[in-house]
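Q: Protein chains in written order, with my numbering: chain A, 1 to 328; chain B, 1 to 396; chain C, 1 to 349; chain D, 1 to 490.
Hints in this document: simulated from the structure, not taken from any laboratory. Built from N, CA and C at the ideal position, the CB exists for glycine as well. Warning: the hint list may mix true and false statements.
[Claimed, not checked] Ranges between beta-carbon positions, derived for each pair: (1) C:R228 to D:L264: 18 to 26 Å; (2) C:R213 to D:G316: 55 to 63 Å; (3) A:R297 to D:D268: 18 to 26 Å.
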Amino acid sequence: MDDALLNILRTLVLSATPLVIAALGETITERAGVINLSLDGSLSLTAMVAFGVAFATGNILVGILAAMLVGAVIALIIAVASIELRLDQVAVGFVLTLLAADMSQFWGVPYAGKPTAGMTAAYLPLPLLKDLPIVGRVFFDHNILVYVSYALVFGIWFWLFSTRPGLAHRAIGERPAAAFARGTPVNRLRYIYTIVGGSLVGLAGASYSVGVNPGWATPPPMQGDGWIALAIVIFGGWHPFRVVLGAYLFAGLRALAGAIQSSDIAVPVTLLNTIPWLLMIFTLLLVSGGVIERLLRILPRGMQNRARNFLRSDPPVALGTRFDGEQR
Amino acid sequence: AQDEFVFGMILVGARNDQGWNQAHYEGGEYVIEKLAEAGVTARMIVFENLNPVVNPQATVQDVAASMADEGAQLIFTTSDEFEPATLEAAAQLPDVTFIHTSGSAALETTPADLFPDLFEATERVAPPANYGNLMGEMEHGKAIAGCAAALSTKTGSIGYLGPLINAETRRFVSAAYLGARYCYEKYAGGDPAALKFEVIWIGFWIPTPDTLDPQQVTNTFFDNGADVVISGIDPQDALIVAGQRREQGDDVFAIPYDYEGACDTAPDACLGIPYFHWGPKYLEIAQAVLGDGYVQDWEWTSPDWSDINNPDTTAVGWRNGPALSEGAATNLQAFIDEMIAYQTDPANEGSFFLWEGPLNYQDGTVLAAEGEKVDPLKVWFLPLLLEGIVGDSTLE
Amino acid sequence: MKRTATNLFFLALPLLLGVIVVAILIVLVVPPNTTLGDVLQAFWNGAFRNLRRFSGVLVFWIPLTLVGIGLVITFRAGLWNIGVEGQMTLGGLFAAGLAFMLGEGSPLVIIPLCIFGAMLGGALWASVAAFLKVRFGVSEIFSGVALNAIANQITLQLIAGPWKPGDSDKAQYSRPVPDAARLLGVSQDFNVSVVGLVVTIVAVVLVLLVLARTRWGLNLKAVGKNPRSALLLGVPTTITAFSALMVCGALAGIAGSQRILFTYGDVRGQFAGGIGFLGLLVVLLISARGVWVPLIAFLFAIMLNGGTQLQFLNLDSSLTGVLQGALVLAVLLANGLRDRLRKPKQAKG
Amino acid sequence: MNIELRQIHKRFGSVHANNDISVTFAAGRIVGILGENGAGKSTLMKILSGYQPADSGEILIGGQRVDYSGPQAAIAHGIGMLQQDPLDVGAFSVLENFTYGQPGGLTFNRRDAEWRLNQLCQRFGFDLPANTPVEMLSIAQRQQLEIVRLLALGVRVLILDEPTTGISADQKQQLFNVLRALAQEMQAIILLVSHKLEDVIALCDEVIVLRAGQLVGAQQMPATTSELVSLMFGGQLPPQARIQSHLGDVVLRLENAHLSDRRLAMRDVNFQVRAGEVVGLAGLDGSGQRPFMRACAGLDKLLSGRVMVKDEAMTGRPYRDFLAHKVVFGAAGRLEEGLIAGLTLTDHIALATTPGWAVDWAEAERYTNARIEQYHVRGRATDNIEQLSGGNQQRVLMALLPEDPVALVLEQPTRGLDVESARWIWQQLLARRDKGSAIIFSSAELEELVTYSDRILVFYAGQIYEVPDVTRTSVDELGHLIGGAFMQAT
Ligand SMILES: Nc1ncnc2c1ncn2[C@@H]1O[C@H](COP(=O)(O)OP(=O)(O)OP(=O)(O)O)[C@@H](O)[C@H]1O
Ligand SMILES: Nc1ncnc2c1ncn2[C@@H]1O[C@H](COP(=O)(O)OP(=O)(O)OP(=O)(O)O)[C@@H](O)[C@H]1O
Ligand SMILES: [Mg+2]
Ligand SMILES: [Mg+2]
C-alpha cells in the first residue's frame, strides 16, 4: 500500500475526530430523549473557548476543560428549557445555534489569527501499535484526542448495551414511564446525560481548535459540521459503531474533494463542495423506512433481513418529548 | 476635534487576520502616525467584515455614506469585489476621495483590448474623478516566495494554496512558479521539468462553508508528497498545518502571504513572507487629499529596489522566515540581487526578469517568444496560468 | 378586543425581560471608554441619523418581513423551514436569470416577470424539501440545511461560469443585472424601492387574511397541531404541508430578488446573507403570531443598521447577532417561565 | 402478612377520585376490585403501588405504617402492580426488560439473568424467548413478562388492573392458574381490578366495590352476577334488547384485498357490508382488525384488490374521497386520532363542515352551539377540546359525524367510557343505523360485540373467521375464537 494513500487515510481519521466526538455526544443526549440541536453553534463557541483559554493560560488541558464546561452549560440551558420550562427543544436549540456562533465570533476577536505553534494536544504515536502494518500508521500515529475518540466509541457502546445504568439510560429515551416504574429518576438522568453529551460536544469543539486545525479564525472553519454531526447520529441509528462509520464516511468525502481537484478529473470545485450535503440528504433518505424496503427488494431473500436490521434506524421513541410523571 | 482629518477603511475581512486586511489596517495606522508627526491629527474609521455573511445589511455605498457623515474625506475600499459599489459610492459622494485597491477601473485599457478573443469588448465608462486604483507589484514577492520554496524542497514538489481564480491570482501563481523554476534549476541544480508545482483553489479569499477547507487541502498536498506549500489566501492555514506537522516530525514548510508579521503564527515552519506595505502610498494619497487634491490615477507600485524592506518607501517586501536554512538564505539573496540588478538596469550582467520569454500558457500557446518581454498590462490581466503549472486556469 | 389585550401582555412582559438582558449584555461587553449611552447613540445614528440611514433600515426590513411572514405559514403547519435561506437564494437566482435572459426592455414588463420568477424559484426549492418530507419523511430541518449549502454552490457556479462579467473574470460577483430589471430607490437620500415596499405590505396583509379567514389557514393549524386527526377530519394533510412550504418559499424568493435586483445589483456568494435565519428568530420571538412580524422585523432591521455604526466604536459587528440571539433566547425562556407560573393556578380554578 | 389501607383520600381538581377508603387485604387471598368507570379503582391501586401519592391516609403492611416515594419503594415492600398496558420498553429484548430494574452491580451477566428468567418461565409454563424484542410479543406474553419480573423482585402483593381485556380465553385460564398458585403456594395477595364479573366470579375469594370514589361494599365469594351488579350500580341495569333493523343493499365491499401492516399480511380478503348492518370485529390487538378497518376507509392503500363504495371503485383514492362518499373512520384514541388538542370546538366544527375555501366564523359558531345543545356536551364553543372530560370529548366526536353516513368504521367506539356514556354512544350509532348507515366496529369488550353486532368477524393472526350465527354465540365461545380456536377447527 503506497505512502500517499496511507497518509491520506491517516489524515482522514484525524480530521474525522471532531465529528466522531460530537456525534457521540449527541448520541448520548438523544438516547436520553433530549435533542441538542445547538451543535453547529456550540462547536464554534467551544472551539473558540478552547483555543482562547489555552492561548491565554498556555495550557491546552485547561482550554479543553473550559470548552467542555461551555458545552455543558449550553446543554444545561436546553435541559432546563425543555424539562422545567417545557419549551420546544428544537426552538431553543436553534436559537442557541445562532447565538453561540455569533458569540464565538464576537469574543473570539482577540484570538483570531494568534500563533498556533505548540497549540496542538500532545502528539504520541502508540509504541507497539504504531508499527503494525497499515493500521499502525492510519490509526495509532496521532494526537491524544484521536485516541480519546476511540475510547469514547467503545466506552459508550459498552455503557449503553452492557451495563445496568446503560439500560436505564436507553429506557428514559424509549419509555420514561417504564423507567419511572423501575425507580429510575427520569428527569434527573436526562439532565445528567444532556450535560454529559454537551460536554462531549465541547470536547469536539476543542478537538478542532487545539487538535485537527489549531487556532481560531472567523468565519469559523467548522461551520456546517454541527449539522452534519446531527445527521450522522440519525444515519448511525443512535448506535456508536454506526455513528463512527458515518463520521468517517463524511470526512472521507471531504478529503476526496481536495484530492479530486488535484487529480486530472475535471470537476468544478462547487460540485465537489456539494457532495457532503448531497450525501447528508441521501443517508437520511436511506434510513427513512420506505426507501430501505424498496432497496431491499433488490437483495436476495436471505440477506434482506440482515440488511434491514443494519439499515433500520428507529429514533428513541420518547425523543423530544417531556416526562411529567414525577411532578405529582 | 473640528480640524482633524478623518479617513475611512473598508475591509472585507477582520482587521486582525494576520493577512491582507491587517496589512491595510496597519497601513492606515501608519498614515495616522506620520500625519501626527506632521502636526495633523488624523482619525481612521474602520468597517471590517463587509461581506454578505457577517454584515448582510451593509453595502459599500451605505458604509461610505455613514463614513462621510462622520466626516471622512478619503475612503479606502480594499477588496476586489468592492469595485462596482465603490464607483457608485464615488459618484454619489463627489467630495470624498475613493481609493480602491487591486481594481482597474481607472485604467484606460480593458482586458478586451489585449485579449479580444477571450473577453467581450464593452465601451469603457470613465470613473468619477474622485476615484482611483492602487495595487502593489506583489508578483515580485511571489517570485521570491517561489524561489525560497524551490530552494527548500527536498521532494521537488511544491503546492500553491490558491484562493479564487481571477487575473490577479493567476498572476501571482505564475510569478511564484517562474521564481521556483528559475531557482530550482540555477541554485538547487534540479531539472526544472521534474519540478512539480501544483495549485489547488479553495474558492474564496477566506475559508467559508462554501469553500474547500484550506487545511484539508494543505494536508492533501503534504500527503501527496509536497513538502512546501505557498499560501495565496488571506488567513494562515497553510502555515498552521505545516507547523503542526513539523511538531510531529514531518519535514515540511509553508510560506504565508500578505502581512509582514505572518510568520509568527508558526515560525518553525515559515520560510519567509512576501508582504504589502500600504502605508507609504496611503500617506501620499492622504497628503494629496489634504493638500491640493487627489488626481485620479491607476497605480501599480513596485518594491523599493534599493531596500525592499524599507517601511517608509517600499510597497512590497520580503522577509526570510526562521525556517529558511543558511544555504537557502544566501542563494535566495543572490536571486533577489539578480532581480534588483535588472530593475536598476535591464542591461546588467546576471540580471533576472520574471516576464521574459520563452513563456507559454498552460494550453501551450505562446505568451512571449524567446527574449521577448511581456507587456505589463498583459501580466496584469493574465488570462491563463503558465505552462508547467498543474491546476485549473479557470473555474469552469 | 380582549385577544389583543392578552397578546400585548403576552409580548410585553417577556420582551421587557429580553431588553433588560440585552442592556446588561451591552454594559458587560463595551470597552471601558464607551458607555451604554454611546452604544444606543450608535444604534440611533445607524438607523435614524438621516433619511438615508432610515432608508437603510427599510431596505433591510423588506426581505426580513417577507421571509418572516412566510415562516409564520410554515410554523402554523408545524414545519421548521430552515431551508428558507436557500429558498431566498434560488429566488434571487431565478430573478437574475430572467433579468439576464430578457436583457433590456420595459421595466414594467421585466420587473414583474423577474419577481414572479423569484417566487417560482423559491417555491421550487421549497418543494424539494417538501417532497422529501411528505414522501420519505426526511426531516425538513436537515434537508433544509443541506439545500441551503447546495444553493450557495449553485450561486458560485453561476458566477464563475455563465454569468461571469464578460469584460473581465472577477470571481466574486456576476455581471450586473440589466438596468431594466433593477429596482430603483425613490431618491438618492430616500434610497428605498417602492416596488419592494408595496409588495411586502401586500404580502403581509394577504397572508394574515388567508390565515384568519380561509379553510387553508385552518387546515394549516390542524396539520400543525395533529396531522393524524387532521386527516380524519378531512384535511388533505400532505397537500397542506406541501403548499405551506411552497408559499413560504415563494415569499422567500421575493425576498431574495430584492437582494439582487435592489441591494447588490449583481449576484454574489451568500447574497441571502442569513436573513432567512434572522426571519426564523423573528418568528420564534413572537411565537408565530403573524401580526407582529412587521414590527419585530423593523426592530431587527434597526439593530442591524445600528450594527453598522457600532464598528465606528471599534465594536465587532457580530455583537448585533449576539444581542439578537440573547434577546430571543431570553424571551423564549421568559415565556416558558410565565406559562409555568400561570399553569398551576389555571388547573385549580 | 396483611395490607391495610386507612382513610385514603385523593382529589383531581374537581374529581374526588378516592374518598375516605379504608380496607384490609389478608395474605393468600385473591380480591376483586369492582366499580364502574371513574369509580376510583385504578387510583386506589396506583396509591397502593406507589404510582400516585394519596392526599391523605395511611398504608400499613403487617401492621407497620409505611411511606413510600414511588413504585420502586412499593416493590421494595413487596407490592407490585401490573398496569393495563404493561410498562415495558418495546425496544428492549425480553431479557433486557427482565433485567432492567433488578438490583445488581454495574454490569449484568446475561447467562445468569437468562437462567433465572427461564426458571420462572418453566415454573409457570410461560414461553418467553429471551432475545426477542418486546414490541414483537402479544399482550398476554407482555403480562407474563411483567409478572415474572415482579416476582423476581420478590413481590408478594400483585395488583392486576383489567388484565383480561385483550387476551384469549386460554391465555386467561393460564393466567388464572398462575395467580391461584401464587396465592396458595406463596401466600401472596392478588388484587384484581376488572369489569368482567365472570372473571371475578371464577377467580376471586372476595370482592370490594367502589362507587364515585367511595367504598360501597364488600362481599365474600361465591356470589352471583346479579348480586355483584346490584352492589356496583345500586340496582339492576335494564337488559339490552337487540333490535335487528332491515338490511339494504351492499354499500361497502373489499374484493380479493391484499393488506399488510408492519406485523402481518392478509391475502384475498373479501368482505361486504350492507346498509343498516352492524358488523363487529373481534380479536386480540394486532390480529388484523386495524389494517382491515383502515383499508375499508381508504386510510391504507391495498397492495392488490379493490375497494368499492356503492359500486364505485375507490381503490387507491385518498381518505378525503371516502369522506366525500360519507364513509367515515373513527379511531380509538380521542386526542391522538380524531380530535386536535389546541383547537376549539368551533374550529373542529368548521373543519368538519366548511365546504368552500372561505370560513364563515359567525356561521360556524352558531352551528357549534347548536350541536353542543343537541349532544349535551359539557363545554363551550370557545373551549379547547382537551379541556373537556373524556366522555364529553367522545360526545364531540359524535357531533362531528355526518347525520347520514353511508358507513361508519369505528375502532373501539366506547373504550374507557362508563356504562352510561357507552350506552348513550350506541343510541347515537343505532339511530344512524336505522337511517340506513352501515356500521363496522371493533371492540375488546366481547359483551359489546355480542350485544350490538348483526355479524361478527373474528380476527386471529391475520386470519378472518365469520361467526355463523350471532344470535347463538356467547362471550365464552368468542373468547375461545379470538384465541385462534377456529384455526384448529377449520
Ligand atoms: N391523573 C388524573 N388527573 C385528573 N383526574 C384523574 C386522573 N386520574 C384519574 N382521574 C379521575 O379520577 C376518577 C377516578 O379515576 P380512575 O382511573 O381511578 O377510575 P377507574 O375506576 O380506574 O376507571 P376505569 O374503570 O376506567 O379504569 C375519574 O374521574 C378520572 O377521570
Ligand atoms: N389522565 C388524566 N390527566 C389529566 N386530567 C384528567 C385525566 N383523566 C381525567 N382527567 C380530567 O378529570 C376530569 C374527569 O375526567 P373523566 O374523563 O373521568 O370525566 P368523567 O368524570 O368520566 O366524566 P365523563 O363521564 O364525561 O367522562 C376531566 O376534567 C378530565 O379532563
Ligand atoms: Mg382504571
Ligand atoms: Mg370517564
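Q: Indicate whether the distance between the beta carbons of R213 of chain C and G316 of chain D respects the range 55 to 63 Å.
A: Violated: the Cβ-Cβ distance is about 34 Å, outside 55 to 63 Å.
Q: Would you say the C-beta atoms of R297 of chain A and D268 of chain D sit inside 18 to 26 Å of each other?
A: holds (22 Å)
Q: Holds or violated: the 18 to 26 Å window for the beta-carbon distance between R228 of chain C and L264 of chain D?
A: holds (22 Å)
Hint 2 from the list above is the single one not met by this structure.
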